[in-house]
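In case you want the letters, here they are:
Protein chains: 2
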Amino acid sequence: MLGKVVIVGVGLIGGSFALALRQAGAARQIVGMERSPEALNRALALGIVDSITTSAQEALEGADLVLLAAPVAQTGPILAALLPWLEPGTVVTDAGSTKGDVVAVARATLGARIGQFVPAHPIAGRESNGPDAALADLYRGKKVVITPLPENAPGDVGLVAAAWRLCGALVHTLTPGQHDDVFAAVSHLPHLLAYALVDDIARKPHAGLLFQYAASGFRDFTRIAGSSPEMWRDISLANRDALLGELDAYLSQLTALRAKLAAGDGPGLEAVYANAQRARRAWSEAIETAEPPPRQNQES
Amino acid sequence: MLGKVVIVGVGLIGGSFALALRQAGAARQIVGMERSPEALNRALALGIVDSITTSAQEALEGADLVLLAAPVAQTGPILAALLPWLEPGTVVTDAGSTKGDVVAVARATLGARIGQFVPAHPIAGRESNGPDAALADLYRGKKVVITPLPENAPGDVGLVAAAWRLCGALVHTLTPGQHDDVFAAVSHLPHLLAYALVDDIARKPHAGLLFQYAASGFRDFTRIAGSSPEMWRDISLANRDALLGELDAYLSQLTALRAKLAAGDGPGLEAVYANAQRARRAWSEAIETAEPPPRQNQES
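Chains A and B, in that order, are what the protein sequence lines are.
Quick note on numbering: the first sequence equals residues 3 to 302 in the working numbering.
Quick note on numbering: the second sequence equals residues 3 to 302 in the working numbering.
Don't read these hints as lab results, they were simulated from the structure.
Fair warning: there could be bad hints in the mix.
No copy labels: a pair is met if it fits in one copy or bridges any two.
What the hints assert, rightly or not - Here are the computed lysine-lysine pairs in the DSS-like style, where the Cα-Cα straight-line distance is at most 30 angstroms: (1) Lys262 / Lys206; (2) Lys6 / Lys145; (3) Lys6 / Lys262; (4) Lys6 / Lys206; (5) Lys145 / Lys206.
Isolated chain A, as found in the complex:
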């Protein structure tokens, strides 16, 4: 049972965390704090939080846990605003899609208090945003990656893990660097590739004709290109080095595949396609089926 929990940013991610804790009866008090008075009032009206404030001092008084769920670019300014009122026993965590940049900003801002910051990333989402998009079961059966720092006390890491488990999530642990490498490959690169394909088609003179015949294969391949351009610009830049590495590996792969295609090398093409089909089936059987059924318009 948690005492006072502060949610900074009461949109989809923060709001869903709050709703899940409430549903589990796991927090004595949940306070919402953020820049937008509209979002704050809406979160209160929807019963996502018990109270709202724009004052860091009021929010942090006696807080056990603070979740940063605002856009990642605001992490520094938010931590700077919280720092003067941050009590020694309060644990701060976040929900950002990249970890190396968040840790760097947190170190620069919190200085000697960095041990109170436990970075994390819930692997769940939807295409819609704001308090109205929040769902109590958004995290049920989903992974949350915690990337502890050497300065974190084990009990503080345990508190963050326990809070996510109360939301129904499966807690995993990676280093911030491992996290960013992994998500560059399985999430950030696919987003860039999907955006690139749709933009490429849209700029062709006969784009209208092309889109007319785009069907279910195109729909699924490009679903993630419906995601927020601002958010993915920030993620791309925040994880630039790892993403460039993955992109270069993929460009080499495409160049090799182009040579096979140009040479009419049927067995060579089939070997790549068959290896991909096998690997995807193995992934689907081992990983995907362990997750709850897909929610429409979900992203991650």
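Fit chain B to the supplied structure of chain A, relying on the hints for placement.
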């Protein structure tokens, strides 16, 4: 109302065509013909066809319409086997995913009888195959692209169009070259890109770790990499020139995007992502919503 219809290849595509015509009460007699006795007997047992044969002579006697629904690579041998028994009043059509190569093979095989061949491509499918995968409503609300030849009589093109409309399909017309250019961009390239990504990840030393964190974005992006490697090898080679053109355009696009990323050009990245998001939303609203709800595991 059609008289005798011959389905060459009683799997998903041919079987669904037969079931749809039967459901519409649109054919007097449907005959199944193909290499596999197991598939033939299964199609008969499932009530997909009225009778089965391995004899081209028996199948073609008095036939009004013949649908070729075997793998595209068999088009030449099948047409050669049919030609001696092909009556002057019989119309032959196909369901291949590429059209330029099919037309070339048909011209070479049928010679002066090429006017009896009306090429077509139904834009529908599933990941499963064989007679048991056939569905009477597979084509309902889906597009079928007919690519008529200069030698085709308008009435013969009309017969093929009418048969597909009886299956609930929306009939479109393109030239074979237009067809192959369009599908290189919106279908064949995305398949190649999805296969390439999964193969790329699967070959990395830490592939197991990467796949563990692949989530819904990866799932949708790579769903088409679950498709048949043999079929997509054949499609890639059959439409090689158009596919190479689209792949080169995409490689240029990725190279430009890589430069923006390397330069930390946030506005440049966001412009590409935002244009893609806008275009995909417009596509989704104009095209996707006009189609019936998605079937799981569908491909096209």
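Taking the hints in turn, this is what the structure says about them:
1. For the homomeric pair Lys262 and Lys206, the shortest alpha-carbon distances inside one copy (26 angstroms) and between copies (20 angstroms) are both at most 30 angstroms.
2. For the identical chains of this complex, Lys6 and Lys145 are intra-copy neighbours only, at 24 angstroms inside a copy versus 57 angstroms across copies, given an alpha-carbon limit of 30 angstroms.
3. For the homomeric pair Lys6 and Lys262, neither the shortest alpha-carbon distance inside one copy (60 angstroms) nor that between copies (44 angstroms) is at most 30 angstroms.
4. With identical chains, the CA atoms of Lys6 and Lys206 are never at most 30 angstroms apart, being 54 angstroms at best within one copy and 44 angstroms at best between copies.
5. In this assembly of identical chains, Lys145 and Lys206 lie within 30 angstroms of each other by CA distance solely across copies; the values are 22 angstroms between and 39 angstroms within a copy.
The structure does not agree with the numbered hints 3 and 4 stated previously, though it agrees with the rest.
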